[in-house]
Amino acid sequence: GAVVSQHPSWVICKSGTSVKIECRSLDFQATTMFWYRQFPKQSLMLMATSNEGSKATYEQGVEKDKFLINHASLTLSTLTVTSAHPEDSSFYICSARAGTSPYEQYFGPGTRLTVT
Amino acid sequence: AQSVTQPDIHITVSEGASLELRCNYSYGATPYLFWYVQSPGQGLQLLLKYFSGDTLVQGIKGFEAEFKRSQSSFNLRKPSVHWSDAAEYFCAVGAQVGEKLTFGTGTRLTIIP
Numbered sequence: 002g003a004v005v006s007q008h009p010s011w012v013i014c015k016s017g018t019s020v021k022i023e024c025r026s027l028d029f030q031a032t033t034m035f036w037y038r039q040f041p042k043q044s045l046m047l048m049a050t051s052n053e054g055s056k057a058t059y060e061q062g063v064e065k066d067k068f069l070i071n072h073a074s075l076t077l078s079t080l081t082v083t084s085a086h087p088e089d090s091s092f093y094i095c096s097a098r099a100g101t102s103p104y105e106q107y108f109g110p111g112t113r114l115t116v117t
Numbered sequence: 020a021q022s023v024t025q026p027d028i029h030i031t032v033s034e035g036a037s038l039e040l041r042c043n044y045s046y047g048a049t050p051y052l053f054w055y056v057q058s059p060g061q062g063l064q065l066l067l068k069y070f071s072g073d074t075l076v077q078g079i080k081g082f083e084a085e086f087k088r089s090q091s092s093f094n095l096r097k098p099s100v101h102w103s104d105a106a107e108y109f110c111a112v113g114a115q116v117g118e119k120l121t122f123g124t125g126t127r128l129t130i131i132p
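These protein sequence lines are chains F and B, in that order.
The numbering used here numbers the first residue of the first sequence as 2 and each following residue consecutively.
The numbering used here numbers the first residue of the second sequence as 20 and each following residue consecutively.
Just so you know, the hints here were simulated from the structure itself, not pulled from any lab data.
Values in this document were obtained by computation on a predicted structure and should not be read as measured data.
Glycine included, every Cβ here is placed at the ideal spot set by N, Cα and C.
Be aware that one or more of the hints could be misleading.
What the hints assert, rightly or not - For the chain B half of the interface with chain F, some residues (derived, Cβ under 10 angstroms), not all of them: (1) Val23; (2) Gln25; (3) Phe53; (4) Gly60; (5) Gly62; (6) Lys68; (7) Val116.
What the hints assert, rightly or not - Distance condition first, Cα-Cα at most 20 angstroms in a straight line; then the derived SDA-like pairs of lysine to any residue: (8) B:Lys68 with B:Glu83; (9) B:Lys119 with F:Thr79; (10) B:Lys68 with B:Arg41; (11) F:Lys56 with B:Glu118.
Excised from the complex, chain F in its bound form:
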């Protein structure tokens, strides 16, 4: 089956630093990847949609300059949290949509970010 990986699985960083999270589709090409954020005991909220080779589309209220998304290849998308603050601590989950039928979406295992 289709597998999506995320790296790292968890990361701790100091306030003011930046951290990059990778999302890879291991056995299929993903023309589109989605980035979600999940606060403790809450639901997943879509942050942005990234299409390979083009700029990401951000949901309302998500800061583009803070959450930089790059989708440079059909198997890799990255989310960089710039100048992280404690309120950015969250569980970040990516999903990847296959570029061929049935175009289903597969989720990664998530990355736990803690900003101290």
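Based on these hints, arrange chain B on the given structure of chain F.
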């Protein structure tokens, strides 16, 4: 805009008992509906999905869900729960296959012996 409501924040069920988790959606056209399960600190696992056709869909781990257009519902059921079913369950709706999903707030399932 599409939305999903999961009215039950937390449900406790005895092992071996039946289970039904409720999900109501709001969407203007025919929705694409999903149920996912999430164990603590883990990602999402797809249990089942509905796109069209038979309104009773079977999923993994013995789960099933029924799409009822008249009630805008897509409730998840299991005839006999196992302790390993304890987890968070999310209902989600999308406009099309592979499009961004809108998730409900989730239902936390606790299993008691």
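Results for each hint:
| no. | hint | result |
| --- | --- | --- |
| 1 | Val23 | holds (9 angstroms) |
| 2 | Gln25 | holds (9 angstroms) |
| 3 | Phe53 | holds (9 angstroms) |
| 4 | Gly60 | holds (7 angstroms) |
| 5 | Gly62 | holds (4 angstroms) |
| 6 | Lys68 | holds (8 angstroms) |
| 7 | Val116 | holds (5 angstroms) |
| 8 | B:Lys68 with B:Glu83 | holds (9 angstroms) |
| 9 | B:Lys119 with F:Thr79 | holds (17 angstroms) |
| 10 | B:Lys68 with B:Arg41 | holds (15 angstroms) |
| 11 | F:Lys56 with B:Glu118 | holds (17 angstroms) |
The structure meets every hint from the earlier list without exception.
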